[in-house]
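Colleague: Using the sequences provided together with the hints, build the complete structure.
In case you want the letters, here they are:
Number of protein chains: 2
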Amino acid sequence: MDPASLGWQQLPVWKERIMVNEPHSASSGSASSRSEGSSSGSESSKDSSRCSTPVLDAERHERLREKMRRRYDSGDKWFSLEFFPPRTANGAVNLISRFDRMGMGGPLFIDVTWHPAGDPGSDKETSSMIIANTAVNYCGLETVLHMTCCNQTKEEITGHLQKAKRLGLKNIMALRGDPIGEEWEEEVEGFNYAIDLVKHIRCEFDDYFDICVAGYPKGHPEAESYEADLRHLKEKVSAGADFIITQLFFRSETFLAFMKDCQAIGITCPIVPGIFPIQGYHSLRQLVKLSKLEVPQEIKEVIEPIKDNDAAIRNYGVELAASMCRELLDSGMVSGLHFYTLNREVATTEILKRLGIWKEDPRRPLPWAVSAHPKRRVEDVRPIFWASRPKSYIHRTQEWDDFPNGRWGNSSSPAFGELKDYYLFYLKSKSPREELLKMWGEELTSEESVFEVFTFYISGEPNGEGHKVTCLPWNDDPLAAETNLLKEQLDKVNRRGILTINSQPNINGRPSTDPIVGWGPSGGYVFQKAYLEFFTSSENITALLKVLKMKKYELRVNYHIVNVRGENITNAPDLQPNAVTWGIFPGREIIQPTVVDPVSFMYWKDEAFALWIEQWAKLYEEESPSRMIIQYIHDNYYLVNLVDNEFPLENCLWQVMEDTFELLNCPTEQ
Amino acid sequence: MDPASLGWQQLPVWKERIMVNEPHSASSGSASSRSEGSSSGSESSKDSSRCSTPVLDAERHERLREKMRRRYDSGDKWFSLEFFPPRTANGAVNLISRFDRMGMGGPLFIDVTWHPAGDPGSDKETSSMIIANTAVNYCGLETVLHMTCCNQTKEEITGHLQKAKRLGLKNIMALRGDPIGEEWEEEVEGFNYAIDLVKHIRCEFDDYFDICVAGYPKGHPEAESYEADLRHLKEKVSAGADFIITQLFFRSETFLAFMKDCQAIGITCPIVPGIFPIQGYHSLRQLVKLSKLEVPQEIKEVIEPIKDNDAAIRNYGVELAASMCRELLDSGMVSGLHFYTLNREVATTEILKRLGIWKEDPRRPLPWAVSAHPKRRVEDVRPIFWASRPKSYIHRTQEWDDFPNGRWGNSSSPAFGELKDYYLFYLKSKSPREELLKMWGEELTSEESVFEVFTFYISGEPNGEGHKVTCLPWNDDPLAAETNLLKEQLDKVNRRGILTINSQPNINGRPSTDPIVGWGPSGGYVFQKAYLEFFTSSENITALLKVLKMKKYELRVNYHIVNVRGENITNAPDLQPNAVTWGIFPGREIIQPTVVDPVSFMYWKDEAFALWIEQWAKLYEEESPSRMIIQYIHDNYYLVNLVDNEFPLENCLWQVMEDTFELLNCPTEQ
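Which chain is which? The protein sequence lines are A and B, in order. When we follow this note's numbering, the leftmost residue of the first sequence carries the number 1035, and every step to the right adds one. When we follow this note's numbering, the leftmost residue of the second sequence carries the number 1035, and every step to the right adds one.
Treat the hints with caution; some may be incorrect.
Any copy will do: because identical chains look the same in the list, a pair fits if it lies in one copy or spans two.
Said to hold, decoys possible - Pairs of lysine to any residue residues, derived as SDA-like cross-links and limited to a Cα-Cα distance of at most 20 Å, are as follows:
| # | residue 1 | residue 2 |
| --- | --- | --- |
| 1 | LYS1111 | ARG1388 |
| 2 | LYS1197 | HIS1501 |
| 3 | LYS1464 | SER1422 |
| 4 | LYS1526 | GLU1093 |
| 5 | LYS1585 | PRO1555 |
| 6 | LYS1586 | PRO1545 |
| 7 | LYS1580 | ARG1236 |
| 8 | LYS1585 | SER1556 |
| 9 | LYS1233 | THR1192 |
| 10 | LYS1101 | GLU1481 |
| 11 | LYS1464 | ALA1291 |
| 12 | LYS1585 | PRO1545 |
| 13 | LYS1586 | PRO1555 |
Bear in mind the hints are in silico, worked out from the structure with no lab data behind them.
Modeller: Spelled out as structure tokens, the structure:
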């Protein structure tokens, strides 16, 4: 991840020229979400169509240009992040984790650059297409895919665009790209300039894509003049581009002057300044050379003396960028900032935090991470089982045409895709084998040593060898803040072989803005039923079942108990889902985004049991005692889920556990 | 309603004979709603189909024979009620009210007799077909339509059955009917016996209808012998009948012996004893003559001396029937009782109450009265506006193929049927014009005199002329128990010209078994947002709007304000419904059966404004001052609905009203 080792194509340098002029009305529709105080005749109200899902989060239904317009109208500040595709599969795993972490800060979008030499439209895990696909579908990020057009046939370009659309990508940054060879000739029928690509997209895909184009605050280096370049930019917009991201620059005045000039010649679409935080001496030098930009003297003077001190240069770069950003925002002409991250996290995050536009606690539109695929816009309910494996859930439901819509039961029992390949890069654990062995035990001696792993994961304390257990096969992250509320009880039951993998406390109407359990728009109330899911031995199951059939739990607790062979014991009404998370909002229908669904539980149990083998047992040699212990658990334990329906009362599931332990201690009493 | 004036056909006498024997497996499927403790493989669970709506009330999805079977299995006692079609349109209005009242007691079904001479399959409001249709669709009663077959062509019979199916009728009592003339000959190809009709139904309509046939505890009078008659009955069952209702009898031993004999020859379907409470001397005599039954000596001895004392006879009849019913129930062989009501209410209700099987407070499956049309089984959400006019709502949505399913917004804006004919008998007010004038004023002198009518309706006190106002054009019944909770505040605002027509208090999680606000299965919690709907003058609207825009209400209260011309002011999010009643139940999804829906509100306002004219203004002479006052209100007032979204806090809508009045009192302060 040394920026000096990056190919130049991975730096934000675009080469292009604008040629053709053709009127095109870029329709940047601004959607007003509330008809407050509006007066409309009855006929029109009657005839209007309704949304199929409650618009809890208007942005889920908006195009990027609409979201951007909304922020320009409201004056809310925002940012976006540019990444380039990694060179290795391991790099892809790390980049996806970075997407997840940087996604927490609330970027309006990210973009992924396009590298003609790197097979960018292929299915390789390092291709631009697949990285963008992963960002949209698995990380839930609004994503812009770069695309260059020179030296490509119309068919190739159309093929890329069709694939992008199929994958759920909705935004294209249309670029010319580097010509091959020193001299290059325009092809009469070909794609010579970005505007050709803009026109082609509008012609072949109508208004499906939002299109971004590049702007040059100092004029394109190959342009006849600054003025000619401005006219080319206007032509790109007229041809159908929705917004502009600029090349990097070193002084806020440069951008502000450019923006005024754009406005003066009638460019009205959003223009987003491209911010390049200086992160190293060499990357700066090479960038400048390629982009033909001149580094201002005052910057050179600071940098030259510290050129071998990476930390010092980065600190300076953060300082410099933050102060330029502040000037831009203060100008009143800029509400969004685009960051060339160079795939690095620290500098950009630091700048955003200093500017106060990194959202420390972004409001969750729903209790689970939404996907940004347009098909999944209507998705508003998921089974609780995949709570810690949302990417697996998305993967296994990616072929669905229809999402459980308003009610899980509405969807006619869709089949979940198989999860055979646990090594898909976007599903892969962040930890390598050696780390996993340190956490989960180089050698297991008994079932109890497995109990200990769970207990260390819950407690957060280091294990006997001094390693913290930060993940389990079913949870790639440390305990959620919400689960922390249950820590003490979880610790207690795991010690006794109740191996918990998922749980939530009951909530009887907390404000939707609650920092831990809140979700959805403000002014609402959220509710939960207590939930507990765990593996345990058949001896424990026998006692548990006796307890669950006691009068005090019989009508109160719903249970599903299943082993790897699918032998299933339940007291749930026929295949009906049980809503375990719901929210009540002003002027809305009730939203019930999380359910315990008996049908999907049978799919989940296959995955949950398989994770014992795929992620844990396979760490050990075949026939080794450690492996046989995990295999034994896989073959003989049961997976259990429990719901306490009495959400207004104290969670009784811990008492169920207590009663079970008591029964196990004194088996003759029952 | 003097039973002595009834045509004989209206008495429960069936003439028929059983002839043919053909095996038919009557599939009386017994549905078990809980798979408690059941063990099933994962594959089968995965493949099972789901219900499209949460099965809150399993019975809504069951056929009559399944409901009956469920009660036989559980031992729960039940009853059913037989009615005959009225002779006049007025009689139809009264009968529908009676259905509503007697429906409160929780009959398993009602049945409507078939009168070949009375054009029973026509569209007349007094036809058997239309009365049964009204019972099913508008009163929500499981209904059995009688049908006779002799002297009718196959085409006529098929036509009747098709019509019944189209109207949502699901159960037929297949009878022979009276032959015309003294002597009658069997037609070779025709319908000579009830069994022909049973076979025809099964042949033409497969398993669509549940079929009932008649049984004769003493043997059919025309049968060769008691034994031959039993064999005929068995043949009818084998041909496809699902259950048997018997002719009346006077001693429990008669029925119990008959039942044993039926079982002995292999009749296994339910056999329901027909109970005839003696309600008058003449009706008994005529019935006995026609049915060729002999009245036991001990009954004759009691009745003869009191034959001119109707009350004494009725009291005796109640006593006699109740004691016979008790013997039947105590035998352990009987769980259901079928009552020949003769369209009268008191005797049957009294017997049922004495037996303890009249449900004083039947649990409501949903907060509104469900319809029994099979198409509406999935209906689980309605707009609140028609809360007091459920029959009108059903009428206006009867053409819908699809009901808002799980979410109001799912239904793609179905058009509501027009409500032009306010005189449809099932929508008609129970009170005649003279009574309405007494309640609503023989003469109105000002808008204030209209305010008073509303105030008297709310308070329940008699008006100046000493008449209680028991209904309003928007409410055909006195205040609901729930609305009574708001009485004091409603009284106060109506005096000031806030003419309330619909309201509900807020409820923050009351048990679903709450006698006033509860609904749905036990073990759940119900919630409501406070709601208030009223007409008021434009002066009041101006002040109200100022109040609603105050900060403390702005985000808390949703409003829709509309006049007769459809001019519409709202702060609701775009056409989204606001759920105002919902329930959380063990092991279920959340149910949200009542919404404030902006689209349907525009349809409701047409109806709500029209009621001023159709039901009130038209009581007065054209051009009369009274009529002009109502017309003025119709033309100038606004219809307002308010929802307080803060269901956990104290209802703020009364404070909104207070603030509005204050503003009106001191207009300069604002």
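Colleague: Against each hint, give a clear statement of whether it holds in the structure.
Modeller: So, going through the hints one by one against the coordinates:
1. Only within a single protomer do LYS1111 and ARG1388 lie at most 20 Å apart by alpha-carbon distance; the minimum there is 13 Å, versus 74 Å between protomers.
2. Taking the closest pair of Cα atoms, LYS1197 and HIS1501 never come within 20 Å of each other, the shortest separation being 44 Å inside a single copy and 76 Å across copies.
3. Taking the shortest Cα distances, LYS1464 and SER1422 sit within 20 Å of each other inside one copy (14 Å), while across copies they are farther apart (60 Å).
4. Within a single copy, LYS1526 and GLU1093 get their C-alpha atoms no closer than 42 Å, and across copies no closer than 44 Å, so neither meets the 20 Å cut-off.
5. When the C-alpha separation of LYS1585 and PRO1555 is checked against a cutoff of 20 Å, the pair qualifies only between copies, where the shortest distance is 18 Å, while the shortest distance within a copy is 40 Å.
6. For a Cα distance limit of 20 Å, the shortest separation of LYS1586 from PRO1545 across copies, 17 Å, qualifies, whereas the shortest one inside one copy, 30 Å, does not.
7. Proximity of LYS1580 to ARG1236 under the C-alpha cut-off of 20 Å is found in neither arrangement, the shortest distances being 66 Å within a copy and 48 Å between copies.
8. In this assembly of identical chains, the alpha carbons of LYS1585 and SER1556 lie at most 20 Å apart only when taken from different copies (15 Å versus 40 Å within one copy).
9. Proximity of LYS1233 and THR1192 under a CA criterion of 20 Å is satisfied intra-copy only: 12 Å inside one chain copy versus 65 Å between copies.
10. For the homomeric pair LYS1101 and GLU1481, neither the shortest alpha-carbon distance inside one copy (53 Å) nor that between copies (51 Å) is at most 20 Å.
11. Proximity of LYS1464 to ALA1291 under the C-alpha cut-off of 20 Å is found in neither arrangement, the shortest distances being 45 Å within a copy and 79 Å between copies.
12. Taking the shortest Cα distances, LYS1585 and PRO1545 sit within 20 Å of each other only across copies (19 Å), while inside one copy they are farther apart (34 Å).
13. In the homo-oligomer, the alpha carbons of LYS1586 and PRO1555 lie at most 20 Å apart only across protomers (18 Å), although the nearest pairing inside one protomer, at 37 Å, exceeds that limit.
The structure is inconsistent with the numbered hints 2, 4, 7, 10 and 11, although it conforms to all the rest.
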